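A.B. asks: Bring the two chains, given one by one in their own frames, into a single complex with the hints.
Heads up: the protein sequence lines correspond to chains A and B, in order. Counting from 1, position 195 in the first sequence corresponds to residue 231 in our numbering; the numbering is continuous, with no gaps. Counting from 1, position 296 in the second sequence corresponds to residue 403 in our numbering; the numbering is continuous, with no gaps.
Hints should not be assumed to be uniformly reliable.
[Stated by the list, open to error] Here are the simulated lysine-lysine pairs, DSS-like style, with alpha carbons at most 27 Å apart:
hint : chain 1 : residue 1 : chain 2 : residue 2
1    : B       : K227      : A       : K204
2    : A       : K219      : B       : K227
3    : B       : K191      : A       : K223
4    : B       : K191      : A       : K219
[Stated by the list, open to error] To give a feel for the contact side, a few chain B residues facing chain A, derived at Cβ under 8 Å:
hint : residue
5    : G165
6    : F167
7    : P187
8    : Y188
9    : T194
10   : F196
11   : A200
12   : F202
13   : F213
14   : G214
[What the hints assert, rightly or not] Incomplete in silico selection of chain B near chain A, CB under 8 Å:
hint : residue
15   : K135
16   : P186
17   : N193
18   : K198
19   : H204
20   : I217
21   : N265
No lab work stands behind these hints: they were computed from the structure. Fair warning: this is a prediction, and the values are worked out from it, not measured in the lab. Ideal Cβ placement from N, Cα and C applies to all residues, glycine included.
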Amino acid sequence: MKRKNYAYPYVFWMTIFVVLPLFLVLVYSLTFKNGLKAGITLSNFTRFFEPIYLNVLLRSINLALISTIICLLLGYPIAYIISRTNIKHRNTLILLFLIPMWMNFLLRTYAWMTLLEKNGLINKLLTSLGLSPLNIMYTNGAVVLGMVYNFLPFMVLPIYTVLIKIDKSLIEAANDLGANKFKTFLKVTLPLSLPGVISGITMVFMPSVTTFVISRLLGGGQFTLIGNLIEQQFINVGDWNFGSAISIVMMLIILISMSIMNRFDKDKEGVNLW
Amino acid sequence: MKGGYKLSEKILELNNITKVYEDNTVIKNLNLYVRKNEFITLLGPSGCGKTTTLRLIGGFESPTSGKIYFEGKDITNLPPYQRKVNTVFQKYALFPHLNVFENIAFGLRIKKVNENEIKKRVKNMLSLVNLEGFESREISSLSGGQQQRVAIARALVNEPDVLLLDEPLGALDLKLRKEMQTELKKMQQSLGITFIFVTHDQEEALTMSDTVVVMNEGVIQQIGRPEDIYNEPKNAFVADFIGESNIIDGIMIEDFLVEIFGVKFKCVDKGFDKNETVDVVIRPEDITLSRENNGKIEGYVENVIFKGVHYEMTVNTKNYTFKIHSTKMEPKGTKVYLDVEPDNIHIMKKVR
Ligand SMILES: Nc1ncnc2c1ncn2[C@@H]1O[C@H](COP(=O)(O)OP(=O)(O)O)[C@@H](O)[C@H]1O
Ligand SMILES: [Mg+2]
Chain A
37 MKRKNYAYPY VFWMTIFVVL PLFLVLVYSL TFKNGLKAGI TLSNFTRFFE PIYLNVLLRS
97 INLALISTII CLLLGYPIAY IISRTNIKHR NTLILLFLIP MWMNFLLRTY AWMTLLEKNG
157 LINKLLTSLG LSPLNIMYTN GAVVLGMVYN FLPFMVLPIY TVLIKIDKSL IEAANDLGAN
217 KFKTFLKVTL PLSLPGVISG ITMVFMPSVT TFVISRLLGG GQFTLIGNLI EQQFINVGDW
277 NFGSAISIVM MLIILISMSI MNRFDKDKEG VNLW
Chain B
108 MKGGYKLSEK ILELNNITKV YEDNTVIKNL NLYVRKNEFI TLLGPSGCGK TTTLRLIGGF
168 ESPTSGKIYF EGKDITNLPP YQRKVNTVFQ KYALFPHLNV FENIAFGLRI KKVNENEIKK
228 RVKNMLSLVN LEGFESREIS SLSGGQQQRV AIARALVNEP DVLLLDEPLG ALDLKLRKEM
288 QTELKKMQQS LGITFIFVTH DQEEALTMSD TVVVMNEGVI QQIGRPEDIY NEPKNAFVAD
348 FIGESNIIDG IMIEDFLVEI FGVKFKCVDK GFDKNETVDV VIRPEDITLS RENNGKIEGY
408 VENVIFKGVH YEMTVNTKNY TFKIHSTKME PKGTKVYLDV EPDNIHIMKK VR
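Chain B on its own, in the form it takes in the complex (with noise of 0.2 Å):
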């Protein structure tokens, strides 16, 4: 592990972690551990398992095997009531019966803490998520975006070593997602809670969190920092799903040389069979256009469409399709080639 000596240390842990419904395994072999402090974001596409993970860590679900470790104690088959764990629900679970302040004294209450006391914690929560005054607001009239704000406080205010967050910006319009993102950021840091983060926009993953994991079909891809994620992805799933990617059949001719539709580029890969047959990815970014033949792959630019920073264009090759963002733009139908730089060239092991 990379810079192991300053990590805080492990809070939360998931060991050999299964899930079948009734013959439908959902979390095959999970392992994960979490670190105080840290942002860690599970990320995959809808169906991936997200939830899953999160009902196991807040104990609503039970694992079919494998163990859940909070602070090195085994909390597997400890109900959800005695967990140091607070979640906000994908859809919030407010108590329609009760106005914003008791929601989010809920806890508080149950915990006997005294009337005083909840007041000021309540009012505290309600300036942190900037609902000075909606005390006595009846659930239902609130915005999502302010129904979204009561469901983070309902779980902070009971000061969680852990908070889960199930997708809790999915329902928000794009602005308010953008606002809600830098603020959960900022509370998580000031508060000094563990955020176990769920989403499946990866944008919104790489930008908040320290960690991310990327899962498939209940199996963990990747486990990373964000810019490992993006430029180290580990396989041709997460080259796919962790932005746009050119994904292409190559050749790994030798060690530090690949072919690509008969065309060698020098790469930084090695410890491939000899002509192998290899996923190659390219991100858009890295791919340069030039008109004069450079010898390396031929093709006709086919669509540019401008996207405020860069152009986004389409070239078309003999075999492939290529995805290419650039700041310099070819009109449509001029002839050009296309090179890479060595080092953004991504070499994986074909799964199959």
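Bound-form chain A, shown alone (with noise of 0.2 Å):
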């Protein structure tokens, strides 16, 4: 019975930052403030059916996906060979590639930048070794770079912890049975690692189509993700109501992906990191 008090503060915290916030936000979405006249309204959300508006989402989820399937091309490769690696390089490895998460995410972004620029680090060595330099800041592929480069851990650590938690023996079973190791591979270990690679997609998705500063340092100004636009009503357009009504329905869409992806992990074995 006394367990329940324990609960209180938590319930107080919750209520406090997150409930609180998101029913401004849901106030700000639902009403207007023109002058003296003020209301509740449903104008905000049509608005956001504009063309300029509807295609700014579809670009950010556009860019998202091509993120997300990169990622996964990379990264279960990465997270195979190293689950494949003996423990004693595992851990090694597995720290290599997160110690960059350890930096600023902001920091590692700018990084970037001064790579990428026109007369950045890589234009330099392509003219210094006779080639044409690239145009590659501010381009679409600018931005995918950013997220995939930023995003890829979170891509391969769930995959890599479901890869090593299979009972080699499974493995073993299967070769028993006649299976080589590509039939190996597709009967038993790729479906055996569906929850990880759920997990990595939900979590490398979910930032990546909300980024804003990906977009803004890499992709320059004229490519406005839905995360931006957000970021200037409030900032610079100062049009709380909108900006809310953005992202209520940002908010929205990804719940919606969420679901449909745990409906795929059934088993409810996937690794989340958040």
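C.D. replies: Right, dumping it as structure tokens:
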């Protein structure tokens, strides 16, 4: 009975820092203030469905999807190889992979700016080799690169964690029943690692679709993503009502995609780093 | 070899196998052959290298030195998926993401057997292991005994030439264990498959096998029919491991005469040095007790336990406490004399 009391500070915390802000966002999104007039409205939401804003949403989802797919294609083999090295080296490899993550997110992204710039390191290297310099900075490619670089560990870690947990004797059983290495991978390792893949996809897709730092720094002004749009409404335009409405839409999109992903992850074996 | 003519041909041969992990020699110079349709059991205490031997045969480990032949062909370096051998693993290793049907069908799907044939064979297997109607059950919903039977079905459905079973009954309770022993033996005989069975339970080994291989510390101690292993253990280790035994120091006075604790006994062994110290092994059921002084070993009954069929008594003598099984009870504290028939005395060279 008394245990219940321990929950009160938590409930208090949740109310102040989660429920209240969310409630405020909801209130802002459903109201308007025009000079002296104020009231309840749905216009903030309908406004979002104008083509310019919808395009921003589509571009955000598109870039996030591309980044997620690239992360998966890169991350799965990396996780697989690390899980296959012997225990002594395994932890070192994972550590090497994580060290950049301990640096500040902004710093890491700025570092890419100096690399990709017109007179950045990469182009200097290319010209010194007699090749023509590339225009990478401020393209969709640069944004995707930034996302992949920043979020790849979120793909590798959950897959790796699931892979090392797979019972070795299952692999042996498959071999015993006539499956060669490739078939064993397809029929045993891959299906058993799906929970990790699903966590990985969720954990890369969500920060990718909402980021505004990467798109602003590496995408310049012209590649506005939905995160930038929200930021602009709050900071530059000062239209908190519209900004809140976009935030709510964004939240719904994330909730829907998470519930779709969770449906795949029947056994709830996925690893969540959040 | 006794009756060698009627025996079927060798199917598997291990030749001078040694296996070393880092600096730990786990299998030492092991030589063993297995005949077609034989039920052969590797028996020995935990850690003696039974699983390692099985893994070498299955192809999951390769020997540090030595060769493995299958039907005369060298398979030492063949990967597991190319060997005509299937394994029932110690902890079953069933695929958790597949249901019972798909677990059993796994090997057949790999071989691209057609769907109707797969259905038919899996169904047959399920009825063989008494699991009809379990097709769509999840593995995690099965009891230990049921999982064990799925593991057997999954291996047997491939109709391997040789089936390896690593302590498959270890996790079962006594009653189920006895049932499965009989069932396994029946399956082996009706399907005509060679079984290489691993256990640390001597009773299981003796009741099920055609041939028993007793191992200790990576070395084969004795290979033989269960009766031979029991009645004529080759050394004190085998005698001790196979059933209870009294193992006593004795002195071989001359051929056919051994002295135990100052008392001379006739025996049937010869070929030892004069006055050589030997191990004398006597089964508890082979000792007779008498109250009259017959000049044999004198002692007092220390403890009596009724075991259903026989009494288990311990008798204290000056030098040793004997275990004795008899249908005739002597009450606690009785002064008795211990005698043994000559052919029940087993003399063994001391291993030093
Ligand atoms: N992969 C391994 N690496 C090192 N030592 C091992 C390995 N596998 C088994 N051993 C050792 O080999 C010995 C025999 O093991 P095992 O064959 O499993 O015995 P059993 O099955 O008879 O209990 C044990 O001492 C065990 O510690
Ligand atoms: Mg073992």
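A.B. asks: Hint by hint, say whether it matches the structure.
C.D. replies: Going down the list of hints, with the structure as the test:
| no. | hint | verdict |
| --- | --- | --- |
| 1 | B:K227 to A:K204 | violated, 30 Å |
| 2 | A:K219 to B:K227 | holds, 24 Å |
| 3 | B:K191 to A:K223 | holds, 21 Å |
| 4 | B:K191 to A:K219 | holds, 18 Å |
| 5 | G165 | holds, 6 Å |
| 6 | F167 | holds, 5 Å |
| 7 | P187 | holds, 4 Å |
| 8 | Y188 | holds, 5 Å |
| 9 | T194 | holds, 5 Å |
| 10 | F196 | holds, 6 Å |
| 11 | A200 | holds, 4 Å |
| 12 | F202 | holds, 6 Å |
| 13 | F213 | holds, 5 Å |
| 14 | G214 | holds, 4 Å |
| 15 | K135 | violated, 24 Å |
| 16 | P186 | holds, 7 Å |
| 17 | N193 | holds, 6 Å |
| 18 | K198 | holds, 6 Å |
| 19 | H204 | holds, 5 Å |
| 20 | I217 | holds, 4 Å |
| 21 | N265 | holds, 7 Å |
This entry does not satisfy hints 1 and 15, going by the numbered hints stated previously.
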